[in-house]
Structure formats: C-alpha cells, structure tokens
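Student: Here's the letter readout for the chains.
Number of protein chains: 2
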Amino acid sequence: MKSLLVKNIILDNKTTSIYCEKGKIASIGVERPADTVLDGRGFPVHPPFINSHTHAAMTLFRGNGDDLPLMEWLQTRIWPYEQTIKPEEVYWGTKLAIVEMIHSGITYFVDMYWDFHQVARAVEEMGIRACLSAVFIDFDQPEFARQQRETNERLFSEMGRYSDHVTFAIAPHAIYTVSEESLLWAGEFTRRHNLYLHTHLSETQKEVQDCRDAHGCTPVEYLHRLNLLSDRLVAAHTVILTERDIELLGSHRVLCVHNPVSNMKLAVGGVYPYRKLKESGAIPALATDGAGSNNNLDILEDMKIAALLQKHHQQDPTALPAPEVMQMATTNPAHFFKYPCDTIHLGGPADFILLNTHRPEMIPMHNLVSHLVYSANSSVVDSVVCDGKVLMEHGVIEGEEEILMKAAEAAKQMFGRVDFP
Amino acid sequence: MKSLLVKNIILDNKTTSIYCEKGKIASIGVERPADTVLDGRGFPVHPPFINSHTHAAMTLFRGNGDDLPLMEWLQTRIWPYEQTIKPEEVYWGTKLAIVEMIHSGITYFVDMYWDFHQVARAVEEMGIRACLSAVFIDFDQPEFARQQRETNERLFSEMGRYSDHVTFAIAPHAIYTVSEESLLWAGEFTRRHNLYLHTHLSETQKEVQDCRDAHGCTPVEYLHRLNLLSDRLVAAHTVILTERDIELLGSHRVLCVHNPVSNMKLAVGGVYPYRKLKESGAIPALATDGAGSNNNLDILEDMKIAALLQKHHQQDPTALPAPEVMQMATTNPAHFFKYPCDTIHLGGPADFILLNTHRPEMIPMHNLVSHLVYSANSSVVDSVVCDGKVLMEHGVIEGEEEILMKAAEAAKQMFGRVDFP
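Just so you know, the sequences run in chain order A and B.
Just so we're aligned: the first sequence equals residues 1 to 421 in the numbering used here.
Just so we're aligned: the second sequence equals residues 1 to 421 in the numbering used here.
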C-alpha cells in the first residue's frame with residue numbers, strides 16, 4: 001500500500017500537512033516523501049460523511065416516476081424493471097452511485113440491494129467502504145425463505161474474497177415482507193456471527209397499522225418480541241413511533257436512520273422524532289435512501305432538509321441545530337460502525353475530505369459547520385481520501401467518464417426490456 | 001450591442017444553434033457570424049429562472065446565527081450590523097449574491113434592501129435583470145414616514161440613469177412596520193406610476209394575530225381595505241391565510257411568493273397553500289429569500305424543498321409535481337413581470353441557460369424537469385445568457401475572484417464594527 005502526503009491544508013485553524021501510511025494517519029505537520037502527493041490548496045480538512053441507508057444501484061431509476069402514489073410508483077415504475085435487472089446493470093448503477101457519493105464526501109455507505117457480489121465488486125474497485133447486504137424478502141413463502149437463508153449463508157461464507165472495506169450484514173427488508181421464521185433466523189444468525197442487521201422499520205402509517213392488526217403490537221415491539229433489537233440493528237426510517245417504541249430503540253442503542261427527503265417525497269405521514277430518539281439513547285443517523293426516492297445521493301442536501309424538517313415540525317427554529325445534524329452523518333454512525341473517521345488524529349484511519357471554501361456559498365466564512373449544513377451542496381467537496389488513497393482529486397474521480405456512459409447504457413437496456421408506461 | 005452565436009445546443013430534442021442580436025433571439029438553426037461565439041457542448045438550452053423575493057446583500061450575513069429564535073436572531077445577529085452597514089458593503093454583498101444567482105441560472109431577481117443605488121449599480125455591472133426597491137419602514141413615526149416617502153419619490157425620479165435591466169418598485173416592508181398612511185401613499189404612488197409593490201405578507205402567526213388585534217381583520221383583508229391588492233403586488237410568503245384571504249389574493253391576481261427554506265428554517269408555523277392559491281387565480285412563484293435565512297441563493301434547491309414540503313404537508317406524494325414547481329420559477333413570474341423568457345422563441349429575449357447534463361446526478365436522463373427539481377443543484381447550470389450577453393461561460397463568471405474577496409472583506413469590516421456575541 002502506497003504512502004500519501006496531503007500538504008497545504010487547514011487543520012484546527014493551522015496550515016499543516018498529513019502523511020498517511022498503510023491506510024493510517026502516520027504524521028501530522030511533518031512533510032515526509034511519499035508515493036503520492038496531494039496539494040490541499042489551503043483548504044480545510046474535514047471528517048468524511050457516512051450514508052447510513054441507501055439502495056445504491058437504484059440510481060438507474062432516478063427520475064423514472066416522481067409525484068406518484070407509493071404503490072403505483074412501486075408497481076409501475078420499480079418492480080417490473082427490478083424483476084429483470086441484470087448483474088452488470090446492478091454493477092454500473094452501483095458505480096454511478098459511488099461516484100455521486102464520493103463527490104458528496106461519503107467514504108462509507110450502508111446498502112441493501114439485489115446481487116451482493118456486483119455491489120461488493122463496485123465497492124472494492126472504487127476504493128470506498130460499505131456495509132452491504134442482500135435484500136431478504138420471502139413474502140411468507142417457506143420455499144422462498146429457505147432459498148434466501150441459504151443464499152445469505154453462502155454469501156457470508158464467501159466474504160473471504162473481499163478486503164475489510166466490505167462489511168457483511170443481513171437485511172430482512174421489513175416486517176411486512178419477511179416471515180417471522182426468517183426474522184428469527186436473521187436474529188440468530190447475526191447474533192452468532194456478530195453481524196449488523198439492516199431493515200426498514202416503522203416507515204409508514206400503514207406498516208404500523210398492519211402490524212397492530214396482525215401481531216397486536218407496533219413493528220418495534222414486534223422486533224423486540226423476536227429479540228432483534230440490539231446495538232447491531234440498523235433501522236431505516238423509524239418515523240411512526242410510540243413513546244414505548246422510542247424507549248425500546250433507546251435501551252437497545254439501535255441506529256435509527258433518518259431519510260428526510262425520501263420520507264417527505266413519499267409523504268409517509270410522520271416525522272422522525274429526532275430529539276426523543278436522541279434522549280432515549282438511540283443513535284440518530286442520516287441517509288439519502290436510494291435515488292429512486294430522493295433523487296440524488298448528496299448527503300449535504302439531506303443535512304439541510306433534516307434540520308429544516310425538524311424546525312418546521314416542532315415549530316421551533318432551534319430544533320436540530322447544525323452541529324447535531326452533522327453528527328448524524330459523522331460521529332454517531334462512525335461509533336456505531338466502529339469506523340473512527342469522525343476525528344482527524346494520529347493513528348486514525350487515513351479517511352478525510354478537503355473542502356473548497358473558495359466558493360460563493362461559503363463566503364463570508366462565519367461558521368464552517370453552518371455553511372456545510374445550510375449553504376453548501378456536494379460541490380464544496382474538493383478531494384476525498386479513503387484508506388490512504390485519493391478517491392477524488394480536485395473534483396476528478398478516475399474512470400468517472402466511463403461510469404456515466406455505462407450507467408446510462410445500463411438504464412437504457414433495463415428500461416428497454418419492459419413495456420410499461 | 002454585440003451579436004452572439006450559441007452553437008451546438010439541444011433545443012426540442014434537436015442539435016441546433018441560436019443567434020442573438022440586440023438582446024433578442026434573431027435566428028434559430030442558422031449559424032451566422034457573430035462578435036461572440038459560445039460553444040454549447042451539446043447541452044440542452046433551458047429558460048432561465050426568476051427569483052421572486054430576496055434581500056441580495058444579506059449574503060454578508062450567511063451563517064452568522066442559525067438555529068435561533070426569530071427575534072433573538074434579528075436583535076443580536078442582523079439589526080445591530082444593518083444599522084452600521086456601509087454603501088460599499090451593500091454593493092459587494094449584492095455582487096456576491098448576483099454571482100450565486102447567475103451560477104443558479106437566475107437572470108431576474110426581485111429585491112428589497114437598503115441603499116437602492118448600490119444594488120442597482122451591482123445589477124447593471126453584472127448584466128443581470130432585477131426588480132429593485134428600497135425597504136420602506138416607518139414604525140408609525142410621521143417624520144420617518146415623510147423621509148421615506150421623499151426618498152422613494154427621489155429614487156423613482158432618478159431611474160433615468162439605469163437601463164431597462166432595472167425595474168423600480170415600492171416596498172413597504174410589512175403591515176407591522178409601516179403606518180397606514182404610508183401604505184395608502186404606496187398604493188396611490190404605484191397606481192399612478194404603474195409600479196410593482198413589494199411587501200412581506202402573512203408570514204407568521206404573530207403577524208396575523210397582531211393584525212386581528214389592531215385592525216379586526218387579517219393582513220390580506222387589511223391590504224384589501226387599503227386598496228393595495230392588485231396584479232402589481234408581489235406578496236412574499238403568504239403562509240398564514242384564511243379561505244377569504246386566498247379568494248382576495250386570487251381575484252386580484254397577486255404574485256404569491258413561496259420561500260420554503262426560509263419558512264421552514266424560521267419555523268413560521270404554517271405552510272404556503274399552493275393548490276388553493278393556484279386554483280384561486282393567484283400567481284404562485286418561488287424564491288430563495290435572503291441568505292440570512294436560507295442560507296444560499298440556489299433556486300433549484302428551493303424547487304425541491306417546495307415540492308417536498310407540499311407532499312409532506314398534504315400527506316400526498318402527488319402534491320406540487322415537478323412541472324408545476326418549475327413554472328413557479330419560470331412561466332408564472334415571467335408573465336407577471338412581463339419578461340417573456342419562459343420559452344426560447346424567435347424574437348424573444350436572448351435570455352437562456354445551458355444545462356450540463358453530463359453529470360452523475362443527471363444520469364440516466366429519464367426526465368429533465370424531474371432531474372432539475374429533484375436531483376440537480378446549481379452546479380448543473382453550465383452557462384447563462386442574459387440580454388444577448390454571456391454572464392457565465394462554462395461555470396466562469398468574469399470578476400468572480402475579486403467579488404468573493406471583496407465580499408469577504410466587506411463582511412469582516414461590518415462585523416468588526418459592532419461588539420456583539
């Protein structure tokens with residue numbers, strides 16, 4: 001692994017340099033000879049961002065059906081195509097997503113999608129990090145459930161082929177698409193192997209009502225009954241919650257992932273209860289969700305909208321202030337995923353970004369965190385370093401040109417196969 | 001005035017060119033020799049955007065106090081500084097705002113701020129168009145009111161020094177900062193001279209309650225009583241409205257300007273009733289508001305947040321679809337301000353933008369309007385033409401470097417003069 005010197009950067013208000021070796025920060029302020037030198041152009045260095053819930057390959061669905069009721073959207077614009085999606089299409093769709101995420105300063109994302117190996121291949125090739133999972137859906141059909149369990153067991157056994165950039169998780173899609181038996185299996189398997197469990201939880205009013213009808217309790221209470229709540233559970237959405245739900249999520253230190261744009265766009269009928277979740281002990285995190293319902297992967301945009309939504313909903317301009325929303329995309333998930341990228345420190349991972357503060361929306365520089373949350377978008381990210389490797393240098397990602405072309409072509413192929421509106 | 005040829009662009013799905021002379025589109029599809037040639041790089045041409053309510057120079061306040069209660073923010077972070085703001089600071093703050101707006105594809109903005117001539121000077125130098133007004137506040141003090149009326153009459157008489165890029169408006173700040181006598185004067189003056197009238201209207205619950213207490217009616221009814229409602233009235237915000245208010249705004253064809261980010265950030269306690277306003281006959285428009293409460297001037301971001309807020313509030317994913325939110329930033333205000341830039345047509349104004357569709361967030365190209373509203377931000381705008389002049393060429397605005405530097409310096413000067421937290 002090559003050494004990297006990033007010079008002429010601002011850290012703690014001082015101009016300095018960072019020298020990286022073996023994926024770690026080996027020295028700060030000492031300019032040692034290195035295989036690669038990145039000129040920081042006097043820009044501040046900042047921890048990278050973590051996107052705690054997405055479906056990366058769904059970039060291929062971007063803008064293919066907006067402003068539609070949820071079920072019509074899924075039934076006419078998503079599912080017919082997903083049924084025919086090919087491995088190469090997942091691969092290029094994921095690569096397009098990773099390009100977008102690197103531009104947005106993201107070095108770690110948490111994914112749930114079909115065709116695990118294509119996604120993992122894209123992650124390894126691009127040099128980013130990810131917690132990946134194959135979507136687990138069985139629709140209560142025992143034969144389908146058996147296949148899904150076998151697939152996941154096999155995938156887990158094949159993890160040896162990947163570097164430590166790829167973390168394996170089990171992802172029962174949601175309580176309404178996965179049988180109780182499979183949920184119990186997922187709990188048992190992840191406990192045994194100390195794996196993360198990734199699911200959609202309490203996203204819509206309908207999900208909660210259906211759960212009450214079927215099980216006499218909320219989705220959170222149902223998962224608790226099945227012993228699935230833990231500090232390895234990544235729960236995407238957690239919008240429709242009772243006080244008891246919040247208490248359970250808090251006492252189990254669940255990562256509660258807020259997807260503000262997706263929730264608003266799909267009009268799920270509730271607002272992520274940020275303050276209560278935080279006070280309960282749950283870990284608030286932030287995510288873009290997939291590009292089908294966002295429609296981009298710009299985590300800085302989600303920071304702003306998360307803050308705006310809380311203020312609007314609470315009728316309180318002090319709700320979810322900028323430093324806290326920043327923690328939802330850095331410190332909180334960093335600790336949860338044991339990825340200590342949230343501070344730039346000696347011996348820490350050589351994972352950080354450089355911010356171009358010489359842009360109109362960053363001037364005057366009253367407050368960097370405020371600007372990142374309320375004024376900037378992805379364009380402020382100048383360079384991205386992950387595991388000591390430069391993933392983006394002054395806005396340029398190697399191979400981006402080809403990825404845009406191939407992803408556009410993959411979408412064309414996929415949508416060409418199905419005759420739908 | 002020089003001629004301009006913009007070649008290699010996409011219009012109505014065909015590759016073509018636009019030749020401009022005397023600020024008009026003189027031919028489409030005929031490549032005539034021109035003083036200036038802009039290579040369109042195969043990008044689609046699109047109508048420019050209109051920002052229907054802002055306080056441009058407030059870029060200087062960007063990020064200087066977020067997440068604060070409204071009155072604390074105004075009293076500690078805005079007013080103490082505005083009281084000492086100098087002409088040159090308004091000038092550089094406005095120039096910074098115009099740089100941001102040009103990057104966002106805006107060629108016309110509607111402003112309300114102190115120091116009219118500095119703002120107008122910045123507009124003329126940058127080549128953009130604007131409807132400008134001096135803030136009119138008298139706090140019910142007759143002597144102050146008389147001065148303000150005289151100032152506005154004098155400014156109007158001085159309009160001869162400006163090109164047709166600058167439109168003059170009278171801007172009583174709001175019903176709670178301007179006396180009834182001055183409001184009546186503003187109505188009379190604008191009727192007599194056929195001028196636009198620009199005000200903040202029904203922005204907060206407090207404004208509406210105070211008006212009920214003082215006048216026994218809503219702010220909209222109050223303006224109606226004073227004969228101020230008309231198809232020359234630009235009413236910023238219009239958030240807290242009764243059915244009768246909506247009917248009045250509709251029957252008078254008032255421009256009702258939505259500022260979704262500002263409303264959410266300041267937690268004004270209501271949501272712009274888009275559908276009802278539109279159905280009433282009022283003209284829905286979109287704006288960024290000032291950078292003090294946004295904190296940027298990226299109109300594409302406001303498009304997305306406007307659509308999300310309606311969907312969320314109505315609990316209906318079909319609310320405010322992308323083509324309608326696009327109209328709020330193009331067609332609707334274009335007709336209102338008699339600035340026919342909303343279609344690219346022979347004889348029409350040579351005002352348009354080129355969109356860089358070769359970016360990750362624009363791929364795959366299922367739907368351009370969807371991408372502009374839900375996926376893109378300002379960075380998608382490649383070039384901007386206004387009145388036959390290239391204001392931005394492939395992301396480069398002449399003099400931007402100096403403007404960023406001077407605006408940063410102006411903010412430093414202004415904030416250095418006052419000892420506040």
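Treat the hints as calculated values from the structure; they're not laboratory data.
Just to be clear, a hint being listed does not mean it is correct.
Stated by the list, open to error - Below, a list of computed lysine to aspartate or glutamate pairs in the EDC-like style, where the Cα atoms sit at most 20 Å apart:
#1 B/LYS206 / A/ASP231
#2 B/LYS276 / B/ASP231
#3 A/LYS206 / B/ASP316
#4 B/LYS412 / B/GLU398
Student: If a hint holds in the structure, say so; if it doesn't, say that too.
Tutor: Here's how the hints hold up against the structure:
{"no.": "1", "hint": "B/LYS206 / A/ASP231", "result": "violated (44 Å)"}
{"no.": "2", "hint": "B/LYS276 / B/ASP231", "result": "holds (18 Å)"}
{"no.": "3", "hint": "A/LYS206 / B/ASP316", "result": "holds (14 Å)"}
{"no.": "4", "hint": "B/LYS412 / B/GLU398", "result": "violated (24 Å)"}
The structure is inconsistent with the numbered hints 1, 4, although it conforms to all the rest.
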